[in-house]
Amino acid sequence: MALSKDPGQETAQEFEHSLKENARQLVSYLENGEFAEAVLVIHAINQARDRGLYHEVGKLTRALHSAIVNFQIDTTHALEEGNDSSKITDASDHLDYVVKLTDKAANRTMDLVESSAPIVSELGQEAATLRADWERLQRREIAATEFRDLYRRIGDFLAKTEQSSSAVSSQLNEILLAQDYQDLTGQVIKRVITLVHDVEESLVSLVRMAGQVDRIAGIEHGETRATPKKTSSKGEGPQIHADKREDVVSGQDEVDDLLSSLGF
Amino acid sequence: MKILIVDDFSTMRRIIKNLLRDLGFTNTAEADDGTTALPMLQSGNFDFLVTDWNMPGMSGIDLLRAVRADERLKHLPVLMVTAEAKRDQIIEAAQAGVNGYVVKPFTAQALKEKIEKIFERVQAK
Chain A
1 MALSKDPGQE TAQEFEHSLK ENARQLVSYL ENGEFAEAVL VIHAINQARD RGLYHEVGKL
61 TRALHSAIVN FQIDTTHALE EGNDSSKITD ASDHLDYVVK LTDKAANRTM DLVESSAPIV
121 SELGQEAATL RADWERLQRR EIAATEFRDL YRRIGDFLAK TEQSSSAVSS QLNEILLAQD
181 YQDLTGQVIK RVITLVHDVE ESLVSLVRMA GQVDRIAGIE HGETRATPKK TSSKGEGPQI
241 HADKREDVVS GQDEVDDLLS SLGF
Chain B
1 MKILIVDDFS TMRRIIKNLL RDLGFTNTAE ADDGTTALPM LQSGNFDFLV TDWNMPGMSG
61 IDLLRAVRAD ERLKHLPVLM VTAEAKRDQI IEAAQAGVNG YVVKPFTAQA LKEKIEKIFE
121 RVQAK
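Quick note, the sequences are listed as chains A and B, same order.
All the letters of the first sequence, read from the start, carry residue numbers 1 to 264 under full-length UniProt numbering.
All the letters of the second sequence, read from the start, carry residue numbers 1 to 125 under full-length UniProt numbering.
Bound conformation, chain A alone (with noise of 0.2 Å):
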């Protein structure tokens, strides 16, 4: 985003050099009984003041707008569903289709995990009823026509093992496949985090810029009040940075051990 290293300042200095010119001619004036010719001074250093401000307000408000606007990313072709017209154009929008790529992510890879869990297990099932049979045939307990049985079971097993294994290897490809939402999504907050840095600088710029209009004018500020504090009934989500924090637990175990000094 375009904008100078010192908001304002260009603004300042211009109406202080009006300032001076301005004063000057507002004492001849006054020195000389022209009184309403003064009036007249003294209103366009007002108007001069206020220009000022609304121009960098102005100027301030056009490039957080353009930041905004520049914002677009057309993400419609990685989205299946909804309708191909729909643009992407707001950072919330690009949140959201975050959150429905990794909702559709995890959703597929927990379908198909459901869909192989029964294979593997079934196939485990009958290698352990398998398994036990061969055995006996090992120690010779079994009588020729079980043995032919046991034949025909054990060919079975090994084509129903190789299809399985085949059938699984395909899911858990998709499985991996399926982890493509990262390369979309982090692009996609990666540019949200952009915004949101070039957002900040425009407002931080306000704020200096404020601060100069401020001392031109006089204007004094009262405190602040302070932000009241955050009920934690609603909770905070996720903890970044838990690690480095001493409020803040790092993983089960230390819950447990606070939970433990708790009398649990």
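Watch out, some of these pointers could steer you wrong.
Claimed, not checked - Simulated crosslink set (EDC-like; lysine to aspartate or glutamate; CA at most 20 Å straight-line):
(1) A:K234 <-> B:E120
(2) B:K104 <-> A:D253
(3) A:K100 <-> B:D8
(4) B:K2 <-> B:D32
(5) B:K86 <-> A:D253
The hints are simulated quantities; they were obtained by calculation from the structure and are not laboratory data.
Could you slot chain B onto chain A? The hints should help.
Coordinates of chain B only, in the frame set by chain A:
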């Protein structure tokens, strides 16, 4: 054994449901926040409650307090499974009468341990 799983994210409910099924608990129901969970608890004969903390509508800690304040539900075992990891919050949950506290991200093992411990304690009473 009928278990209610309360979390605003369907994926997390599904993960917990799957883990519970692995542990042999197949009779589960789901709710997406305290406001929908409370009437279910009041009319559904649940034996166990697994709840998140941070949810829109009624949060998990408020749900826990409502459960403890309800004459018919006050002995229901409650396990909190949450990303809330501040010491103050864990103490708050303990004071509100939680039976177990698991922080996200968690392992299947941690969930299993806490659930078993809660049932041991409930049965010993």
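(message) Check whether the Cα positions of K86 (chain B) and D253 (chain A) lie no farther apart than 20 Å.
(response) 14 Å, holds
(message) Please verify whether K2 (chain B) and D32 (chain B) have alpha carbons no more than 20 Å apart.
(response) 17 Å, holds
(request) Compare the distance between the alpha carbons of K104 (chain B) and D253 (chain A) with 20 Å, and conclude whether the hinted pair is satisfied. (result) Answer holds: K104 (chain B) to D253 (chain A) is near 12 Å, not above 20 Å.
(request) Quickly compare the C-alpha distance for K100 (chain A) and D8 (chain B) to 20 Å and report which way the hint goes. (result) Within the cut-off at roughly 14 Å; holds.
(request) Sort out whether E120 (chain B) lies within 20 Å of K234 (chain A), counting only the CA atoms. (result) The given pair, whose Cα atoms are some 31 Å apart, is violated under the 20 Å limit.
Violation of the numbered hints given earlier is confined to hint 1; every other hint is satisfied by the structure.
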